[in-house]
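*Asks:* Since the structure of chain G is provided, determine the placement of chain A on it from the hints.
This is what each chain is made of:
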Amino acid sequence: MVLAALLVSCLVLVLLTFAALYRAIAGPTPADRVVAINVIGTKTMVVLVLIGYIFHEAPFYIDVAMVYALISFLLTIGVARYLERGTIV
Amino acid sequence: MLEIIVHGVGVVFILAGLFFFAAGTLGLIRFPDVLTRMHATTKCDTLGAGLILVGLMFFPGTVYLRLKLAVIIVFLWIANPTAAHYMARAVYRTEKGDGDATGS
Numbered sequence: 015m016v017l018a019a020l021l022v023s024c025l026v027l028v029l030l031t032f033a034a035l036y037r038a039i040a041g042p043t044p045a046d047r048v049v050a051i052n053v054i055g056t057k058t059m060v061v062l063v064l065i066g067y068i069f070h071e072a073p074f075y076i077d078v079a080m081v082y083a084l085i086s087f088l089l090t091i092g093v094a095r096y097l098e099r100g101t102i103v
Numbered sequence: 002m003l004e005i006i007v008h009g010v011g012v013v014f015i016l017a018g019l020f021f022f023a024a025g026t027l028g029l030i031r032f033p034d035v036l037t038r039m040h041a042t043t044k045c046d047t048l049g050a051g052l053i054l055v056g057l058m059f060f061p062g063t064v065y066l067r068l069k070l071a072v073i074i075v076f077l078w079i080a081n082p083t084a085a086h087y088m089a090r091a092v093y094r095t096e097k098g099d100g101d102a103t104g105s
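Protein sequence lines correspond, in order, to chains G and A. Just add 14 to wherever you are in the first sequence, counting from 1, and you've got this note's numbering. Just add 1 to wherever you are in the second sequence, counting from 1, and you've got this note's numbering.
It cannot be assumed that every hint is accurate.
[As the list claims (entries may be wrong)] Here are some chain G residues pointing at chain A (derived, C-beta under 10 Å): (1) THR31; (2) ARG37; (3) THR90; (4) ILE102.
I should point out that these hints are in silico values taken from the structure, not numbers from a laboratory. In this text the structure is predicted, and so the values were computed from the model without any measurement. Even glycine gets a Cβ: it sits at the ideal position worked out from N, Cα and C.
This is chain A alone, in the form it adopts within the complex:
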């Protein structure tokens, strides 16, 4: 009984993560500009991957497996916003016209 409840909580987390992935992909396809596309995909992908990995922690496995999942989550939450920030800065500076001319 308790096992069914724990697995159900994991499935709910995974469904929430899939919803965020779907929303991010919809934004990637539908939005008109590269910066808006980046805005949609970065937030939704980071949260969706984190939710799916947290949901997998509720499923049977060893402690080391869950620690590895936690390491992946921490790395994603540092690396994904950093990559998006760098990419957005590159797009902003190389745009014609109103780019940042005083960049360091």
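So that you can see chain G by itself, here it is in the shape it has in the complex:
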């Protein structure tokens, strides 16, 4: 039951990622695209944690998910600074 729940939730999250990818491609403004990419980053982080639970021999996927969350946060902050000021630093 546990494995089936993990696999189904992985599948649903990947389908939702493709739905968010539509907004990332067709978004009228750059801010729309950045919001969609932020959503995709959060979903990818959750999928990585689920994969770490599906493969019991590989708990390092949890660490990969932590670093992925940090990098996704940095991406959003950097693009927001660029939109606001014209430069990143």
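*Replies:* Just chain A now, with coordinates in the frame of chain G:
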């Protein structure tokens, strides 16, 4: 028996998290404006990821694995609203017309 109940509680948490993810993605696709899209996705994604990670804590694993999940949840609940706030401020200030001209 007890194991089945504990795993069932975890599955219920994961289903709730998937519902919130789906609602956030629906808002991202259907809402008409960038600020409303941000309003939908930030809240739903933060709560959905937190619910799924809390649900995974009910599944078999070591204590360190659960502590790592707790660290991820705390970081998400700090970082996701901060990123959305910064993004919304950038959009608000760069809008033509009624942007905040007195920003620091």
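*Asks:* Does each hint fit the structure? Answer for all of them.
*Replies:* Here is what the structure says about each hint:
no. : hint   : in the structure
1   : THR31  : holds, 9 Å
2   : ARG37  : holds, 5 Å
3   : THR90  : holds, 4 Å
4   : ILE102 : violated, 12 Å
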